[in-house]
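J.: Numbering (numbering that gives the first Met the number 0), first residue to last: 0 to 428.
Heads up, some of the hints might be wrong.
[What the hints assert, rightly or not] Distance condition first, Cα-Cα at most 30 Å in a straight line; then the derived DSSO-like pairs of lysine-lysine:
id, residue 1, residue 2
1, 305, 185
2, 365, 185
3, 305, 365
4, 190, 305
5, 365, 190
Keep in mind that the hints were calculated from the coordinates and are not lab data.
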Amino acid sequence: MDAADIAFLVICSAMVMLMTPGLAFFYGGMVRVKSALNMLMMCFIALGICSVLWVLYGFSLAFGSDFADGGGGLIGNLEFIGFRGVTEADSGLLAFALFQMMFAVLTPALISGALADRVRFGTWALFVALWVTIVYFPVAHWVWGGDGWIGALEWDGREVIDFAGGTAVHINAGIGALAAVLVIGKRIGFKREPMRPHNLPMVLLGAALLWFGWFGFNAGSELAANGTTAMMALNTMAATGAAVLGWLLYERIRHGAATTLGAASGAIAGLVAITPSGANVNPMGALLIGVLAGVICAWAVSLKYKWGFDDSLDVVGVHLVGGLFGTLAVGFLATEGAGYQLFALQSFAAGAVMVYSFVVTWLIAKLLQSTIGFRSTEEEEVGGLDQVYHAETGYDFSQGGSGSVSVGTQTPDAATAAGDTTGDKKVDA
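Start from the sequences and build out the full structure, keeping to the hints where you can.
T.: Have a look at this one:
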């Protein structure tokens, strides 16, 4: 890399880093008020854990040469462990490692939304460390490592396309979230009690931060400032805007209203779907991918009620379904190489990641649940996790100069909308 490309990649890294706090706001506003801080912390802790593990051994496992000759492209070796031997002269390597570190941080954080309101914080932190080591690092090597077996797949001159993380990030996290949910179980009151977002402005802010950071996520994956970078950035914007409209149109027809939560979720669905394919389709293809992703993901989030799995914040419906759709759609919409061969390669790669991630994630979650315990107690869940694990609350209503007023006379719906499902909470006037 020349100096300009290195500077570009460092800026993109900072943008992708901002996506994890953005995800924290997006998820944090969607949960109930009693566990808002816990949701923020479940995302934020990934910045600490994954950054450290990436330097110690993660980068080496993901992007080192194959562990052994004839190793099958399964895992990297330890040539970069602790970044030994790497100096300032290796500026391109350092910039690349920084950029990829942000992907390693964000991917396990995505899973947290599926487990909102009901897991132990300490166990969650251990889960992140185990999951990123056993699931994310190997899959990143398969897809993006120089010797990775998925990256090496070829049929009739066509190769697997995952420009910025459809399989390695979104399908990987989405199917992992489903596996963890099946181990942990449903929230108390699922499908019986209202579990509305407590702060929709926070949700929209988080979605906007994610949208901004996603330009670094997608365009930065070219690792240089060139025409492909520009096309990926344009397609990112086009697909996301189309997905917002597609989701809202589905909501309006199906439910009679175009909601703020739907607009935010539609944006994320479009961003997810264009991630694997945006450098390989034209802007019209990006619009088609976006609008269809908005409609398909809006429909997919309802499946948790039909099939009975409690994916709290729709990680499966948005990231798994959106990532899978974008990964497969490029098989037919790619500007070069589209056809049944490319579609088959995309399907095989997505299926392999899904099987591996689901099985290993289920085993990790089951092991933690059976040993130290993963699920919070009923008392902790009902009372809220903020005080239990963080000794804090997201909103302090005890201070202020104008006194307090009871909301006990509100209707249940009004009290719930205010973030209080008990109907007798004191709020600052």
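J.: Residue 305 and residue 365 were given as a pair; does the straight-line alpha-carbon distance stay at or below 30 Å?
T.: holds, 24 Å
J.: Do the alpha carbons of residue 365 and residue 190 lie within 30 Å of each other, as the hint requires?
T.: holds, 24 Å
J.: Has the given pair, residue 190 with residue 305, been kept, meaning a C-alpha gap of at most 30 Å?
T.: holds, 10 Å
J.: Going straight from one Cα to the other, do residue 305 and residue 185 come out at no more than 30 Å?
T.: Between residue 305 and residue 185 the Cα gap is close to 14 Å, so the pair holds against 30 Å.
J.: Given the hint that residue 365 pairs with residue 185, does the C-alpha gap stay at or below 30 Å?
T.: holds, 15 Å
Checked against the numbered hints listed earlier, the structure breaks none of them; every hint is satisfied.
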